[in-house]
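Participant: One letter stands for each residue in the lines below.
Number of protein chains: 4
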Amino acid sequence: MKIGIIGATGYGGLELIRILTNHPNVHEIHVFSSSEENIHISHKYTHLMNIIEQPLQAISIDTLAKLDVVFTGTPAGVASTILPDLLGKGPKLIDLSGDFRIQDPTIYETWYQKPAAPQQAVQQAVYGLPEWNRQQIQTAELIANPGCYPTATLLSLLPLIKEGLIDPAHLYTDAKSGASGAGNKPSQLTHYSELNENFSIYKINSHQHIPEIEQTVTTLTGKTPTLSFNTHLIPMTRGIMATSYAPLTAGTTNEQIQEALKTAYDKEPFVRVLADKPVFSTKQVYGSNFCDIQVTIDPRTNRATIVGVIDNLMKGAAGQAVQNMNLMCGLDEKAGLTLVPLMI
Amino acid sequence: MKIGIIGATGYGGLELIRILTNHPNVHEIHVFSSSEENIHISHKYTHLMNIIEQPLQAISIDTLAKLDVVFTGTPAGVASTILPDLLGKGPKLIDLSGDFRIQDPTIYETWYQKPAAPQQAVQQAVYGLPEWNRQQIQTAELIANPGCYPTATLLSLLPLIKEGLIDPAHLYTDAKSGASGAGNKPSQLTHYSELNENFSIYKINSHQHIPEIEQTVTTLTGKTPTLSFNTHLIPMTRGIMATSYAPLTAGTTNEQIQEALKTAYDKEPFVRVLADKPVFSTKQVYGSNFCDIQVTIDPRTNRATIVGVIDNLMKGAAGQAVQNMNLMCGLDEKAGLTLVPLMI
Amino acid sequence: MKIGIIGATGYGGLELIRILTNHPNVHEIHVFSSSEENIHISHKYTHLMNIIEQPLQAISIDTLAKLDVVFTGTPAGVASTILPDLLGKGPKLIDLSGDFRIQDPTIYETWYQKPAAPQQAVQQAVYGLPEWNRQQIQTAELIANPGCYPTATLLSLLPLIKEGLIDPAHLYTDAKSGASGAGNKPSQLTHYSELNENFSIYKINSHQHIPEIEQTVTTLTGKTPTLSFNTHLIPMTRGIMATSYAPLTAGTTNEQIQEALKTAYDKEPFVRVLADKPVFSTKQVYGSNFCDIQVTIDPRTNRATIVGVIDNLMKGAAGQAVQNMNLMCGLDEKAGLTLVPLMI
Amino acid sequence: MKIGIIGATGYGGLELIRILTNHPNVHEIHVFSSSEENIHISHKYTHLMNIIEQPLQAISIDTLAKLDVVFTGTPAGVASTILPDLLGKGPKLIDLSGDFRIQDPTIYETWYQKPAAPQQAVQQAVYGLPEWNRQQIQTAELIANPGCYPTATLLSLLPLIKEGLIDPAHLYTDAKSGASGAGNKPSQLTHYSELNENFSIYKINSHQHIPEIEQTVTTLTGKTPTLSFNTHLIPMTRGIMATSYAPLTAGTTNEQIQEALKTAYDKEPFVRVLADKPVFSTKQVYGSNFCDIQVTIDPRTNRATIVGVIDNLMKGAAGQAVQNMNLMCGLDEKAGLTLVPLMI
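Residue numbers (our numbering), protein chains in the order written: chain H, 4 to 347; chain E, 4 to 347; chain V, 4 to 347; chain G, 4 to 347.
Excised from the complex, chain H in its bound form (with noise of 0.2 Å):
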């Protein structure tokens, strides 16, 4: 297969060089940038030297389209721009920002402050997450690939909301994230001396990540939540925790909140349902496509405490990306995803 990545010396196409270089059925990568093109990737980002060389190609609709899979790690609203063009024209799309991700384009330009996409073209874009989407992403043409907080808090509370397990009229996530979610164009709050040693939280109550959480819970469950959904900066570079909150619904035992993970997720090969492990990690997913989740209920005050955590660059962005390309393309869903977690 033929793939191309648009924004690849972003750190979503970077990561999605460092899994398709050994991915099976990937004979070519092509990375394009709208940006920075003509520079040799590989000058600017030494580690790719003999891995990938090649300078980045300007962006272009007929090149693209004779491509298999074409991968978008960009900016939001840049996507919205190129991707249409390409619809029918042949190569299955992915799209990692959240430009095809709200079907509501008024809420998509209240969140967003920017203007949405094409609706038809979000209209035809189906949501990455493949644990609960499977068989629509099969066939999907365009993929809205998750955001990397909706993903740790999705995978953990679907399967507690869907089977009434915790009330979703009283629902609060507590997420925090390492800064590469940040994307890879310094700040200062991203500067090294301010944010090393220090824990922020930021977008209080306003992450552009809420709307697309509802309108998951709401689509996959028939559930209309009402979250509190804050985000945190934490001084690593990977890795995101979801603690989540909520009330048990009347008469809720933990058997049945273990029985419905294990429901949802016994046969699926990324997410790991854990129980009673006394400390609980974002570094036991470093570098993998791993969700690992913990449901614990405290007795004291008839509440659960949900964790889910990934490495946003992987299950969180790239990996999650590369899993729906396996579904689109027919392939084993774990090709090139086996990578091990370095806890080390």
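Hints listed in this document are in silico derivations from the structure and should not be mistaken for laboratory results.
Among the clues, some could well be false.
The list treats identical chains as one, so a pair stands whether inside a single copy or across any two.
To be verified - In silico EDC-like cross-links for lysine to aspartate or glutamate, where the CA-CA straight-line distance does not exceed 16 Å:
1. Lys69 x Glu144
2. Lys280 x Asp71
3. Lys270 x Glu336
4. Lys47 x Asp279
5. Lys206 x Asp301
6. Lys270 x Glu144
7. Lys280 x Asp269
8. Lys226 x Glu166
9. Lys117 x Asp107
10. Lys206 x Asp279
11. Lys270 x Asp335
12. Lys265 x Asp107
13. Lys165 x Glu217
14. Lys5 x Glu31
15. Lys165 x Glu40
16. Lys337 x Glu134
Quantities reported herein were computed from a predicted structural model and do not represent experimental measurements.
Here the structure of chain H is known, so what remains is to put chains E, V and G in place on it, guided by the hints.
Facilitator: Quick look at chains E, V and G alone, frame taken from chain H:
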């Protein structure tokens, strides 16, 4: 004044030395240890060379009784075997551990899994949260210095609970701490290679600071909260953020909330109330005795996001202990504590 | 192939599992431990859940003898009590510790402060630096896998010493390592709060890798170096940089130096030679088996600055061990080792 | 005293504010900026809330002339356009940048790639290394405050060179710094995700501090060194270690070396000489004005390993600047500078 520090090589003890070395009213510092006597403290901790040059002394009630103030920065269960013998003998006593914080011995023993301190001493102990207990502290002989998590949580929640602005029956605190809170004893959890570039949840729903927070809320506001409280380990050394969530009570406005905070803290030297900061960070108080607080209303969910940050070794331990010492000894409450945060 | 790993919960052992899980020629991995038998490895290291599910086995020569390859990733002095009993019994043996690296037992005992390994085994052992010893490795039964510091130092220095371009009588190597080199055992030095935001020099002029480097330079180039070698601890987990300095010999040009590097490494799959990079970093090889090298001439002083970087757990330990296994077993030298660096 | 700080939001400026806020002789601090005038400094750097509440002022010679001391913590090339106009107008002037450090304008322009400062001002400037230049500093009007790397390098090397104990013709300094040395301006090099868990060499053989070190060695010892000097970036915020190597001159003993250090620094309040510490770290001076030094002889190679550590923002910038201010103004040299290191 002559000061004694028991557990001087613990992190609370080292921080007391850092503060008291420049305290205008302190003339002598004596360092004690139950396990490392005769070791020269500056040999173990080189940074103290030329600053405090003396061997650690064995604990002796007679020697301690001649001092003006005795601090204990010892593991749980140690201070309760020492300080009761010093009651009434002269020195003001300030315990940085949890030994004297919990009034009900059954609750102490349930959460700490250790025998409770002698009850007469516990009854005499005053909970050393100056902003809410100043008068009692001024006349106390024995201070139970608050825990690090409770300080950040209580200072941010108390004004809102007291004024009836949030619903204490639906309270959630998601707390995060740097590694120094775990003390100076090496363990797998705090082994550099396993904590670095990692973020963990630990002691899920079972941290021993839970009963301390609940007891204090009840004592100071008359209301009994139902609190979910979870703790996380941040890959950094110093700093705590407590992010709390609660529904607003009917009719509560942002103005009322800001007014309640202002009323509580406007004249406090060590509590700073902020508003509308898009980013709010632990490092803004690093190395200082400040607790910074910001409360934000989410009109979408009608809930409050309540954030408190402290340096866990300062306002969460040694700094607050010195603040209590100043109050007990009739000194300027700020003496020795005007250290400016190290933002960088 | 069936593989055994002794010391599987050490960091070298965990890294072998990470690599070998995706190695195309490895069908079974068996994990052994001298101290933690019967513990399920994925219970201790959660990241291995669903990846390797088996209890740690006690060490048994009979069991080990049935395997194709046995790796030892054990503390100094352990492999020398196990591997000699396996010589001639079938398995290829690869020791990641220093037990079989030093030919002269007096030198071993001076620097390691432990009894030397049985000399017959030491004599049989081949030093596993493939770029310089490939032929001997291919027919070896027992490999002394090089130390982490020596790998970075030797690969960068050897071409220049061998070609007589720098003066081995005035050699200085200032080496720096991430904390994972210290292994998985907690200590004060590697306690998070004391290593974080800190940079230390340790084992000044006394690191046990000094005789390994000197012996190898002499063996491979015929020249006896006078080397100052010091080691520093970087507040990070993975990565080594060895910065070396030496006067150029009379008439040496930059062209000769670049030519010597090219001659040595142009066809090597895991050594990348760079030039003129203004910034040169450990992370460009993170998680991969590469050693990246850059040599710069300083015309002002007529000296060379020679920099080599590796991932200490990969090319400095498990990666190089698998490279040796591939050579010993007649496999593609790159099998299992095409992992792309994680720059982010 | 009334103090002015130009470049107050730079890291040197922020550190001056941290020190001077608690300086016993400082009554007013005025903050100036050439680029952010009218911005409230505590709005940009929240940690200063309630500590320094004033807008940044535009630079005005008239206003500055009324102050007692003016510090410039500005990028290269800025102070040279301001301070000459203040000479003779009253205030003591202390420049933290490199503008006035290099006597020879040709050398300045070669290494800094900028026009040199007016030569009359450069001639008047005194190099502010108190331990070696105290008398001149006391009567100076304009101080060229030493660079961070030169301070750590010079303080550790000077006694040995001066006493002829090491050979200045074979001098190697391998220097390492935390990221705050790069200042507050975001860049790719200091972007959190790319600097974290990474260690880099940069400006190989070309750092602009090289001529400063050479000039000072020559001026203060009469000897002309041949120095290799390279700089590395450590993934941490504060701290510099300079590790230097040199052959001992014939007959030099360890006793002579320790004696030379003792002679040089025994009465110095901010230089601490250690010996025989197996681990020697930047954090032992964190947040303080100390320079700690340890020299070790390697009998195997007959060379010395010379290590100096400082906090780059303190003894390497703002702390040393205040020490110079104290000397220029006839105050206690230690005033405001008794801050104890934060080992934790």
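Participant: At most 16 Å between C-alpha atoms: does lysine 206 with aspartate 301 qualify within a copy, between copies, both, or neither?
Facilitator: Classified as between; 12 Å across copies, 29 Å inside a copy.
Participant: Check lysine 206 against aspartate 279 for me: Cα-Cα at most 16 Å, and say if that holds within a copy, between copies, both or neither.
Facilitator: between (32 Å within a copy, 10 Å between copies)
Participant: Checking an output row: lysine 226 and glutamate 166, CA cutoff 16 Å. Within, between, both or neither?
Facilitator: Only inside one copy: lysine 226 and glutamate 166 sit 11 Å apart there, 34 Å across copies, limit 16 Å.
Participant: Using 16 Å as the alpha-carbon threshold, which applies to lysine 117 and aspartate 107: within, between, both, or neither?
Facilitator: within (13 Å within a copy, 55 Å between copies)
Participant: Measure nothing new, just compare the shortest in-copy and cross-copy C-alpha distances for lysine 280 and aspartate 269 to 16 Å and report within, between, both or neither.
Facilitator: neither (18 Å within a copy, 43 Å between copies)
Participant: Check lysine 165 against glutamate 217 for me: Cα-Cα at most 16 Å, and say if that holds within a copy, between copies, both or neither.
Facilitator: within (13 Å within a copy, 33 Å between copies)
Participant: Under a CA distance limit of 16 Å, which applies to lysine 165 and glutamate 40: within one copy, between copies, both, or neither?
Facilitator: Neither. Shortest intra-copy (47 Å) and inter-copy (42 Å) distances fail the 16 Å Cα cut-off.
Participant: Between lysine 5 and glutamate 31, at a C-alpha cutoff of 16 Å, which is it: within one copy, between copies, both, or neither?
Facilitator: within (5 Å within a copy, 33 Å between copies)
Participant: With identical chains, the pair lysine 47 and aspartate 279 could be close in the same copy or across copies; at 16 Å between alpha carbons, which is it: within, between, both, or neither?
Facilitator: between (45 Å within a copy, 13 Å between copies)
Participant: Tell me, please, which holds for lysine 265 and aspartate 107 at an alpha-carbon limit of 16 Å: within, between, both or neither?
Facilitator: neither (33 Å within a copy, 41 Å between copies)
Participant: When no copy is specified for lysine 337 and glutamate 134, does a C-alpha distance of 16 Å or less occur within a copy, between copies, both, or neither?
Facilitator: Only inside one copy: lysine 337 and glutamate 134 sit 13 Å apart there, 34 Å across copies, limit 16 Å.
Participant: State whether the alpha carbon distance between lysine 280 and aspartate 71 is at most 16 Å within one copy, between copies, both, or neither.
Facilitator: Cα proximity of lysine 280 and aspartate 71: none, with 43 Å in one copy and 35 Å across.
Checked against the numbered hints above, the structure violates hints 2, 6, 7, 12, 15; every other hint is satisfied.
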